Every structure is written in structure tokens, then in C-alpha cells.
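Asker: Based on the hints, put chain B in the right spot on chain A.
Keeping their order, the protein sequence lines are chains A and B.
Residue 386 in the numbering used here is what sits at position 386 of the first sequence, and the numbering runs on without skipping anything.
Residue 7 in the numbering used here is what sits at position 7 of the second sequence, and the numbering runs on without skipping anything.
Please keep in mind that the hints were generated in silico from the structure rather than gathered at the bench.
Check each hint, because a few of them may be wrong.
Because identical chains share one entry, a pair is satisfied inside a single copy or across any pair of copies.
Said to hold, decoys possible - Under the rule of at most 27 Å between Cα atoms (straight-line distance), these lysine-lysine pairs were calculated in the DSSO-like manner:
| hint | residue 1 | residue 2 |
| --- | --- | --- |
| 1 | 182 | 52 |
| 2 | 157 | 182 |
| 3 | 97 | 421 |
| 4 | 164 | 323 |
| 5 | 323 | 157 |
| 6 | 164 | 97 |
| 7 | 132 | 157 |
| 8 | 164 | 182 |
| 9 | 157 | 421 |
All figures in this text were calculated on a predicted structure; none of them were measured in a lab.
Number of protein chains: 2
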Amino acid sequence: MTQERVLTIIDRETTYTIGATDGTTLLQALRQIPDILLDAPCGGNGNCGKCKVRILQGEVSPPQPEETHPLAAEELSQGIRLACRTYPLGNQDLPLKIATIHGRGTSQVMTGFSGGTPLEVLRFHAQEIHLKSSSVEDQRSQLTRLTDEVAVHPAMKNPRTLRKLQRQIGRTSLNCLMDQGKAVALLNPGDNAFGCAIDIGTTTVVVYLVELLSGSIVDHRAALNAQKRFGADVISRIEAVSRQANGSELLQRSIVQQLDWMAAELCEAHGISEDSLVELCAVGNTTMLHLLLGVDPATIAVAPFTPVFTESLSCPVAQLGFKHISDTYIHLPGSIASYVGADITAGVFASGITRQTDPVLFLDIGTNGEIALWDGAQLHCCSSAAGPAFEGASILHGTGGITGAVSSVSWVRDDQGRIRKS
Amino acid sequence: MTQERVLTIIDRETTYTIGATDGTTLLQALRQIPDILLDAPCGGNGNCGKCKVRILQGEVSPPQPEETHPLAAEELSQGIRLACRTYPLGNQDLPLKIATIHGRGTSQVMTGFSGGTPLEVLRFHAQEIHLKSSSVEDQRSQLTRLTDEVAVHPAMKNPRTLRKLQRQIGRTSLNCLMDQGKAVALLNPGDNAFGCAIDIGTTTVVVYLVELLSGSIVDHRAALNAQKRFGADVISRIEAVSRQANGSELLQRSIVQQLDWMAAELCEAHGISEDSLVELCAVGNTTMLHLLLGVDPATIAVAPFTPVFTESLSCPVAQLGFKHISDTYIHLPGSIASYVGADITAGVFASGITRQTDPVLFLDIGTNGEIALWDGAQLHCCSSAAGPAFEGASILHGTGGITGAVSSVSWVRDDQGRIRKS
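Just chain A, same shape as in the assembly:
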């Protein structure tokens, strides 16, 4: 029978108290602590050797044969262990004292972009809608008055818009955000409309704050995907879901908390009320989008690689568990297939390559790498895991793009004609 116990874990100066059942590995236990981002590119399979911790105090299971391969005998003698192969033991009257070894650096995420083909047409524009004053003879509701004047997108009929509509009651003109001839949101007088464009990479997550009417990017936040502790690539992330009963929920909570916090921070930094935040739009590979909705992506990992959905979808963020940002909507553009996600559809659309007559190659080299070839008439796509080349999984001394990692090297010839590192 599994037994629930309380673990006291001390990492460096900080003490954490967490619940764990028998059979929980130290890696699983540490994943519950948001402060500790223990790198586990293989997802806890015992073969990447990255989730090293040093046991300083407390009782744990003895080293397993698997640990002797990635760990040198010398490391084992120093108390260094693989967290994914180590089980806390005993009654833990003595707190478990550890020192994390990898994954402590600040990550460096590339977020800049420039030039390219700009979007030819801005999607949104504002439109003033004039309403007749209500009277005893004309008792139509405020929403009916609006829908009688302008085509309204069904998504606009929601509690949030109704509250906004109420606050503007009595006004004879309303300012609507229009998208393809339909009103999609009500704007507050004198206010701009904002959106967040979100790129959920397997390794990194970037949230851009966008002013919708001008299309300009106000600011951004970038971070390592908090799910990284569950595995570096889509396959190990999918395995992490299947390894525990509430796996989907756990990984969903992880990414939702992160996006929630990043979007809220951006809004706060720029004094943007949630009322002006019209929509979040999130792209990512098909697995990332499954995990965002809490949908188990298991079938993506095995032949015939069927995703549960590739369709585009919108829902209130509250439904996904957002807390700081809670009264807006999130939109997921459609994906193409299990390994060609909405990041590609969005990239192809935004870059405008399908409006070119000459062939264009679109490359998205991330942890998962996708290539789309526009031949002037048709789009051809393929994808492959590209991550291990950049992220140091399954190699002894490699690491991801953290502070301290070599990110560029250049050589110059000095006065004496000798070549040296600049």
C-alpha cells in the first residue's frame, strides 16, 4: 500500500516541506518545488545524467546499477546521485539535506526578431458604432441595440463584455474592436486594446505584449518552459504525463502558472488593466498545445501518431486555471499534424511566405525542428527532433543556454600576428 509521508528538504539555505508517497523518486518530489528547476532532459529515465544532486544528510535508497553509468565512481563516493533513481527512505525525522548541482544558471532566451515580410494588413481596427438612445417605446437591451447595428462575433456574447457594456450604458456611441467585419470586443473610451502573443517552445516560453490597433510590440518576457523539469523534449514530456495518474493536470498547471504570471507581470509593468487585454494567442507544437489544455498527448508518441485535436480553439483563461489574469480569453490557432504545430501555421502566416511567387524555405529550429517549403503553389512540411544538438542531453559535459555557457567565440590576430581569443 502506498503511504503518504511528509518530506523536509533543505536545498542550500532554504527548507521546503512537501508531501510524497512511497515510491516517489527524489526527482518527482523536487518537481513539486517551483524554486528548484532540476534539469532532467530525459524526463527521469535515468540515462541523461543531468538531474544530479548531492545528498548531504538523511536516508535514501542505495545507488542502483543504472547510476554507475552516467555517474563516475568518484561522484558516487561524494554522495552525488541521480534524483530520478533515488528514493527518500526512513521516517525523515532527520530532514533530507541536498545540494542541487545543475540547472541553477539564469537561462538566456533569444527573443529578438527583425525585418522580414511585414504583415500586409493589420488584423484589427477600431470602429465607432452609433446607437439610438433607449426610451420607454424602445426597450431593447443594450446588447440587442449593438447587435442590431453591427455584426457581432459570437465570442463577444460573454459576461466580461456585458459588464463592460453596462459600464458604458447611456453612451450613444460605442467603440468596437473589429476583426474581418465583425465586432470582437468592446473598447473602453480612450483605451487601447492589447493582446499577448505567446510562443510555447518545448524549451523556452516567450510572451509578447502587443498593442492590437497598431500591431506594435510593447514588451516581452522570456523564460525556460517550467515543464522542462519533466523532460527536455516532447517524447520525454509525454512519458512524464503517462508516468503518473494526474500527469496531464500536473504539466498543465506548470505551464498555465507560468504563462499566467508572465502575462500578469507584463500588464502590471505597463499599467494595462485586464479590461484592455482582449485576448491571449498561444502557439506551440501540437504536444505543447495538448499539455496547455490538459489533454494527454500519449497517442502523439506512438504510431500512427494521432493527435487528439489539431483544430483551432478559444476558451476563457479561467477554464484553464489562470488566476492572476482571469477575465480574458485564450485562442489557439490550428495545428497541421502531430509534429507540425500551430507555431508553424502562425509562422507561415505571419511571414507571408505563401503570398510569394518564388519558392521560400521557412525554418523553425528549436527543440523540435520544423521546415516548411513554399514552392510557389503548395506548402510542404516536415519535422524532426533537433534539440539534442543544442541542449546537451545525453552528453557528459554539455548544458543548455544558461549564464556561463559559451554562446559565442571569435578569434583575432594580435599585433604580433598571433591568433588569440578576443
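Answerer: Below, chain B without anything else, positioned relative to chain A:
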């Protein structure tokens, strides 16, 4: 400047600790305590005289002139006060000890109904949808496979259905709940589909648990509307919203918590998982529906009586703040006007009177009374406040339908030919 203080209130045997700002009346403070349902039919205007409490200990503001009209001098001398006209004073080192006087009885809510015109056609039926097995040649997503076989309602494209779809992946047939030719929900194998039909009356709230395929009512829960403490009728409820900055939010939270709890209790009592709970459907007068969505109904109270919305609307319950039931949807049928709500549209529809050729009168006598006359070709509606006749507002000795109130009287002639109460 308003100052936040902590009030310790002892009512009978129970001690409550709540926060209150300067200028908060005792009624406003007590409204924060779900256990105390202090009757305040006038909504705190000082003229119904129902929110009586006896001050047993602690410092409060002296009696105001308004209190001498509804309270007898004798009552005042006994420490009886109107909670809506009394302000807690002092540092409250001494807890405020009170005794509530009214509103302690268990309410009796009429929930039974019988006979009448049954719905001729059950809205829902189940349909088995056959899917081709997926293969490397056919990598359509599971949702695409389903939408390629059957018309799917847009509302079905949501995270919850996708999770259900994932759990049934590999099955070559799916059981769908159909509504007017469109799939609206995915059924679990061997499971029934349930819904909750909710009647939000100004005074009473009833939640019926319905088995959707058979249309049979499994069980129900009935209670006084928890918003009653904010006022007995729609007008005093609307005034309660305008009297405080977060009024809409406060009244919304009150009804949402109540419905959440009632629906969750019904599901638990009958072992129904949230997965099988397809939808809640809530009707009520237009003000009640505004309050349910957190929309300020202020303009309903003043000429020209414009509601913010009369349209029908669906949204995830999580968006309204449901917690126990959090992964289903709520549907609000359309209303007709500010004082002719969705309860009437639903009642007229369910009773089938518009399918009759003879004239029919449809009466809904509640706190708000509505009458609909079907003349064989057209429906005519009117409404008026009917509550005071039944609820004892603004009268000295009256009370609502609580235990102990006289609810029926009959007289019989005894053996000696004398008339006496039976």
C-alpha cells in the same frame, strides 16, 4: 479615511471573526457570514424593520431616529436594534455579542409539480458515431475524425471534451449526445448524461438534477436565495449592488457559491461524476440573470428600464467562479424584457401553451409576478411585484415561509356542533 478593523461577533454559541471598514453597518458585516441569514427585505433601507438583532455586549452607535419607527420603545430598551442602522464602534477588544432575532427558521420552498402538458419531444438523444481506425496513411486528429462523421456544435470544441475524447481514443465508435442533429457532448461508455435545471427565484432557488436522455428528474435541492440578505425584491437587490463599489461581484459570488454547492451536493448524493454533467441551465428574472453574470442591473430599476442583455448565453462555470463544479458549462436561455425574464420563456416553452389553439393563461406568481396570455396566435406578457403579499416585508408581524409560520388553516365542526381549528 476608512480604516480596516477586525470584528469579533458572537451570535448565540458561535464566534465569527470578520473584517470591516469604518462606516460598515452591522448588517453589512453580518452579510459576510454565510451561517447568518439575517432577513432584510428592504435591503438595508431602514424601513422594513426585519433585520433586528439584540446587542448583548460591545459598543455600537446610538439609536437613530429611523429606528424609533419600526422598533417599539420597549424593544430599544431591551437592546434590540436594526442591524442596518447600527455601526460597530470602539476598538472591539470586547467582542460584539449579538442575538439574531428573525430569519432563523428553516425555509419551506415549494418544489413539486405534476401533470400539465409534457414536453412532446425530448430534446436530447444518444447516437453512436463510427470512426475509421487511424493509420499512418490517415493521420487526421481524433476531433477531425469525429467532425468528419457528424455535425458538431461549436460548443463541443472545448478542453473538457478533448480530454474525454483522448480517454476514448482507439475506440472505433463514440457515443454522442445529440441536440437537433448536432453533437453537443461526448458520452462516456455506459454512462448517462445529466444536467441541472436551475430556477433562480428572487426569494428561492431550486436546482433539479435531470437525466437528459430520459428527461426524468432524479432529485432536487431547494433553498432561500442567499442574496436575500441584500434585499427581498429585485429593486432592493439592485440598490444593494449600487451601494458598494464591488456590489455586483458580491451578489454574484453569493448566488454562484450557492448554486455551486447545491449542484455539487446533488451530484455527490447520486454518484454522478462531473464528466457526466453536461450542462447547467439557469433561468430567472432578468435581474437575477444579470446578477449571476456579475453584470450591474442598475438600468433595470430606472426608466426607460433598459437591461444590459436579454440574449441567451453559454459559458464555462469556472468563468463565473464555480469551484466545486468547475468543468462544465452553464446555459442561460434568453429573456424577453427587463421584467419578463428567462423563467417565463422557459415556462412557456416547457408548458407547451403556444402549441394550443385555445387561449391559455400562464401565471408565475413569485416575488415578481408574471402573467403570459397565449391568445392562440400571439403571446402577451406583463409583470408586477407580487412579493410583499407573501413575504411580510414592511409589516410588523409578518414572516416568510419559514418553519413555524402558518402555512395552512382549516376549521372543522366538532361533535357539539362548534367550529374549531383542526
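Asker: Each hint should be assessed against the structure and marked as holding or not.
Answerer: Hint check:
| no. | hint | in the structure |
| --- | --- | --- |
| 1 | 182 / 52 | neither (55 Å within a copy, 54 Å between copies) |
| 2 | 157 / 182 | both (12 Å within a copy, 21 Å between copies) |
| 3 | 97 / 421 | neither (41 Å within a copy, 80 Å between copies) |
| 4 | 164 / 323 | both (20 Å within a copy, 24 Å between copies) |
| 5 | 323 / 157 | both (22 Å within a copy, 23 Å between copies) |
| 6 | 164 / 97 | neither (52 Å within a copy, 42 Å between copies) |
| 7 | 132 / 157 | within (20 Å within a copy, 37 Å between copies) |
| 8 | 164 / 182 | within (18 Å within a copy, 32 Å between copies) |
| 9 | 157 / 421 | neither (62 Å within a copy, 57 Å between copies) |
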